[in-house]
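Those protein sequence lines, which keep their order, are chains A and B.
Take the first sequence: its position 102, counting from 1, is numbered 102 in the UniProt record's numbering, and each next residue is one higher.
Take the second sequence: its position 259, counting from 1, is numbered 259 in the UniProt record's numbering, and each next residue is one higher.
These are calculated hints, taken from the structure and not from any lab test.
Certain hints may be false.
The list cannot tell twin chains apart, which means a pair is met if one copy fits it or any two copies do.
Here are the simulated lysine-lysine pairs, BS3-like style, with alpha carbons at most 30 Å apart [to be verified]: (1) 268 / 318; (2) 443 / 166; (3) 383 / 166; (4) 447 / 128.
Number of protein chains: 2
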Amino acid sequence: MAIRLLLYSVTFLFSSAISITNIHPKFPCSIAKPVEKLSLSTKTEEKYFTQILDHFNYHPQSYHTFQQRYLINDKYWGGGAPNNSPIFVYTGNEGHIEWFAQNTGFMFDFAPHFKALLVFIEHRYYGKSIPFGGDKEKAYSNSTTLGYLSSTQALADYATLIIDLKYNLSATHSPVVVFGGSYGGMLSAWFRLKYPHVAIGALASSAPILNFDNITSPYSFNNIITRDFRSESENCYKVIKGSWQEIKETAKKYGGLQKLRKSFRICKNYISPESLENWLNTAYVYTAMADYPTPSNFLNPLPPYPVKEMCRAIDDPKTVNNTFKKLYGAANIFYNYTGNSTCFNLVDNSDPQGLGGWIWQVCTEMILPTGGNADDSIFPSSKWSYNDIAQFCKNKLNIEPRPNWITTEFGGHNIHRILERFGSNIIFFNGLRDPWSGGGVLKNISKSIVAIVAKEGAHHVDLRFSSSEDPKWLKDVRRKEVDIISKWLSEYYNNLNDSS
Amino acid sequence: MAIRLLLYSVTFLFSSAISITNIHPKFPCSIAKPVEKLSLSTKTEEKYFTQILDHFNYHPQSYHTFQQRYLINDKYWGGGAPNNSPIFVYTGNEGHIEWFAQNTGFMFDFAPHFKALLVFIEHRYYGKSIPFGGDKEKAYSNSTTLGYLSSTQALADYATLIIDLKYNLSATHSPVVVFGGSYGGMLSAWFRLKYPHVAIGALASSAPILNFDNITSPYSFNNIITRDFRSESENCYKVIKGSWQEIKETAKKYGGLQKLRKSFRICKNYISPESLENWLNTAYVYTAMADYPTPSNFLNPLPPYPVKEMCRAIDDPKTVNNTFKKLYGAANIFYNYTGNSTCFNLVDNSDPQGLGGWIWQVCTEMILPTGGNADDSIFPSSKWSYNDIAQFCKNKLNIEPRPNWITTEFGGHNIHRILERFGSNIIFFNGLRDPWSGGGVLKNISKSIVAIVAKEGAHHVDLRFSSSEDPKWLKDVRRKEVDIISKWLSEYYNNLNDSS
Numbered sequence: 001m002a003i004r005l006l007l008y009s010v011t012f013l014f015s016s017a018i019s020i021t022n023i024h025p026k027f028p029c030s031i032a033k034p035v036e037k038l039s040l041s042t043k044t045e046e047k048y049f050t051q052i053l054d055h056f057n058y059h060p061q062s063y064h065t066f067q068q069r070y071l072i073n074d075k076y077w078g079g080g081a082p083n084n085s086p087i088f089v090y091t092g093n094e095g096h097i098e099w100f101a102q103n104t105g106f107m108f109d110f111a112p113h114f115k116a117l118l119v120f121i122e123h124r125y126y127g128k129s130i131p132f133g134g135d136k137e138k139a140y141s142n143s144t145t146l147g148y149l150s151s152t153q154a155l156a157d158y159a160t161l162i163i164d165l166k167y168n169l170s171a172t173h174s175p176v177v178v179f180g181g182s183y184g185g186m187l188s189a190w191f192r193l194k195y196p197h198v199a200i201g202a203l204a205s206s207a208p209i210l211n212f213d214n215i216t217s218p219y220s221f222n223n224i225i226t227r228d229f230r231s232e233s234e235n236c237y238k239v240i241k242g243s244w245q246e247i248k249e250t251a252k253k254y255g256g257l258q259k260l261r262k263s264f265r266i267c268k269n270y271i272s273p274e275s276l277e278n279w280l281n282t283a284y285v286y287t288a289m290a291d292y293p294t295p296s297n298f299l300n301p302l303p304p305y306p307v308k309e310m311c312r313a314i315d316d317p318k319t320v321n322n323t324f325k326k327l328y329g330a331a332n333i334f335y336n337y338t339g340n341s342t343c344f345n346l347v348d349n350s351d352p353q354g355l356g357g358w359i360w361q362v363c364t365e366m367i368l369p370t371g372g373n374a375d376d377s378i379f380p381s382s383k384w385s386y387n388d389i390a391q392f393c394k395n396k397l398n399i400e401p402r403p404n405w406i407t408t409e410f411g412g413h414n415i416h417r418i419l420e421r422f423g424s425n426i427i428f429f430n431g432l433r434d435p436w437s438g439g440g441v442l443k444n445i446s447k448s449i450v451a452i453v454a455k456e457g458a459h460h461v462d463l464r465f466s467s468s469e470d471p472k473w474l475k476d477v478r479r480k481e482v483d484i485i486s487k488w489l490s491e492y493y494n495n496l497n498d499s500s
Numbered sequence: 001m002a003i004r005l006l007l008y009s010v011t012f013l014f015s016s017a018i019s020i021t022n023i024h025p026k027f028p029c030s031i032a033k034p035v036e037k038l039s040l041s042t043k044t045e046e047k048y049f050t051q052i053l054d055h056f057n058y059h060p061q062s063y064h065t066f067q068q069r070y071l072i073n074d075k076y077w078g079g080g081a082p083n084n085s086p087i088f089v090y091t092g093n094e095g096h097i098e099w100f101a102q103n104t105g106f107m108f109d110f111a112p113h114f115k116a117l118l119v120f121i122e123h124r125y126y127g128k129s130i131p132f133g134g135d136k137e138k139a140y141s142n143s144t145t146l147g148y149l150s151s152t153q154a155l156a157d158y159a160t161l162i163i164d165l166k167y168n169l170s171a172t173h174s175p176v177v178v179f180g181g182s183y184g185g186m187l188s189a190w191f192r193l194k195y196p197h198v199a200i201g202a203l204a205s206s207a208p209i210l211n212f213d214n215i216t217s218p219y220s221f222n223n224i225i226t227r228d229f230r231s232e233s234e235n236c237y238k239v240i241k242g243s244w245q246e247i248k249e250t251a252k253k254y255g256g257l258q259k260l261r262k263s264f265r266i267c268k269n270y271i272s273p274e275s276l277e278n279w280l281n282t283a284y285v286y287t288a289m290a291d292y293p294t295p296s297n298f299l300n301p302l303p304p305y306p307v308k309e310m311c312r313a314i315d316d317p318k319t320v321n322n323t324f325k326k327l328y329g330a331a332n333i334f335y336n337y338t339g340n341s342t343c344f345n346l347v348d349n350s351d352p353q354g355l356g357g358w359i360w361q362v363c364t365e366m367i368l369p370t371g372g373n374a375d376d377s378i379f380p381s382s383k384w385s386y387n388d389i390a391q392f393c394k395n396k397l398n399i400e401p402r403p404n405w406i407t408t409e410f411g412g413h414n415i416h417r418i419l420e421r422f423g424s425n426i427i428f429f430n431g432l433r434d435p436w437s438g439g440g441v442l443k444n445i446s447k448s449i450v451a452i453v454a455k456e457g458a459h460h461v462d463l464r465f466s467s468s469e470d471p472k473w474l475k476d477v478r479r480k481e482v483d484i485i486s487k488w489l490s491e492y493y494n495n496l497n498d499s500s
């Protein structure tokens, strides 16, 4: 199987429909905030911390430092000693930290209630937190410089920065709660497990920490997307499922590519069945992840319940028997909800969120088997193959993945048995509409390592800014989360008083 | 203050009495097994595992591998699946692994009871587990090669090796309990905290995990030695305390050095007051650590209760008013209990246990403030100074320590509050005669993170081979430990049956 890399970006990482369904990590998965709340999040102040390049070794290069960016908002903070008001920290994922700050309205919404300081820490090698003098071209030039981009280094960065920040704010006794969504959610859960002396608890939203090794089926991801569309309408599912063959057959015919180009209003005179399939696949996958109950702006602006909207377009009686018209209508929901586009590019080289480093992470440790498609998948059936990833990574980056490292370092196998008597204070939120939920923790592990599951929810919907249009289930989820965090804080303050 | 490095060995790391009391890390602290039990421990088989050089990064050098040695004994093992008999793993410290295997009779003594597999893993850069092709000269030649010697890498080595070993033995469901004494004890406790998915519990004996930052007073270590000697006899304490000044004054006099050389039967025609003070200091420190109730062979053979024996020599009425005769008698207990030596070398360049790497660890992350001496110390009063260490490390190794790293990575501050609701299944054993006990966990943290304290005990005495002469308190300690480990195993098997 040929795997071509089109973009140095996670969002549209791989070109062919086959490769995307087999390999595509489909991270990140954050959503933009509703426009009316922009003012809140922009009130953060940008700061920098001198961070060490390599926490775990002592060779000369490991002593290099870089400027790590973090955003801070102290508007609601009750202060350090003697109040010891809490500090809420977002453990940044694979992109500009502003993007995650803007998309984690939960922290802004509840900061006044908790009198919390808000801190959003940027992940090394993303945004403005670039080692090697901030020179991204140099940092990304080869494995000698990019080799320090890893999840364990990122976690140690967060620990080091938080301890220093608390010290400088005279807030050593202020409890820290960490938050994260998607990869950031994995980091927040792992942070609580590895650094309990730094964070008293973690809200890990849509964190597929069980999507490694063979813990979760590689079919799970696409099974959930299939279920999402099928739940809206059986016809919708059937039309999409049948469309892949129709595209292939059309492309083979004389004038077929031209017909496809016209049907999907492709701007440039370039089209291949693979690029079209990939373009459509991307639309379905991200729409499933962003199947929120209110308007959102994930990678693109979307209406409420966009999967339903896609299926409405496909089921439109006016396009009876014209599959391409139906698909075009569905694609319009994802690619052109504002109605401003008159034509589309199948390949988009832009990377506004700065996600370029993710491919490195995918090719080193973030081996998330998600690309399998069962016979009844909405996508063409296929198997997931580790060897395909390994070959791709060798060809493109000359790097060998370490597929067992994440479970070696962080666990995952038999997690209920292992954490039943170890650890505490983690909330795992998952929405079952989210394809990543298959790799999430969906059942309570212990009294204080709990799962909150919303069957109507999509990818870290709980972390979004609240809105008056939020459905009851979403309000309930957030209320539960706030209650649990309140309990952690009460326990912490009780202990603090006992020991002082 | 001048600090001279005499030996590339932890045992006699620094030359002057001042520097030794200010800086000397005084690790390792293991004890040799009684001779009659030798046959048991030599029954281990030597094996090697291909280990990755750098678990946390992905630059080209991090992919290098080396052969990591481990010793294994399956004589008592009940086997992997379906019996799932336990695996006891010793997390090796800073020396040849045979030495630690030979000195951890506890594991051999109780292996039959538990039907346990015994595994002793050698710490990277020690013994035969040398990166860079096993070429110790190369591996130790500079910071570029030695820079991968760190505690976090060692822990990740253990996780990686154990997971692989269990897989190869068809024993993935066999519970692992880790054991360690001294630095190895710190590693075992940290291993349980960081890798709960690999080890179900840890017996951390004499692990001074609180001897970092300012958690434990730098005076604690020598305070305990002072207390040990004083508890035997006030006169003994006073003679030693007064002797430092007498040595100094004698050395200044005409013929004084010659007098000291004769008094202490120094072989070679070299002596300085500092080397003599250091030689005596070493004897007192290690005798306090090895103040066991039965004959032992720590660095040197010792009688039961050697501190008492030293004080008996000092209090000997036959040497009234002759301080040097008294000190000589005491030194003979530590340096010449077999009576074979006719004269002594103040400086010993041998390193039979292969402890050379410890100075690197002391100068990078293992900043253990122990060298302070209060006014009533048995040693000359002095302050502990981080700057002295930093200067020493800069001069000798051109390396800058990271004095806050251990508490950043592993915690330690407010440990009771933090681990009260986090983690489980750790036994912290400490004997209060052990100078390291001041940096140990001496009170229960939770129901399953417990402290066992023996006021009569010395440095990881519990891990020694049992003997018919063991006092009741020592038998009680071991019985408690066995009971607790049995409980961990029962809980594990109950959970395993529930979930299968």
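Against the structure, the hints:
For the identical chains of this complex, residue 268 and residue 318 are intra-copy neighbours only, at 28 Å inside a copy versus 106 Å across copies, given an alpha-carbon limit of 30 Å. Taking CA atoms no more than 30 Å apart as the test, residue 443 paired with residue 166 passes between copies only; the shortest distance there is 28 Å, against 34 Å inside one copy. For the identical chains of this complex, residue 383 and residue 166 are inter-copy neighbours only, at 29 Å across copies versus 48 Å inside a copy, given an alpha-carbon limit of 30 Å. For the identical chains of this complex, residue 447 and residue 128 are neighbours neither inside a copy (39 Å) nor across copies (46 Å), given an alpha-carbon limit of 30 Å.
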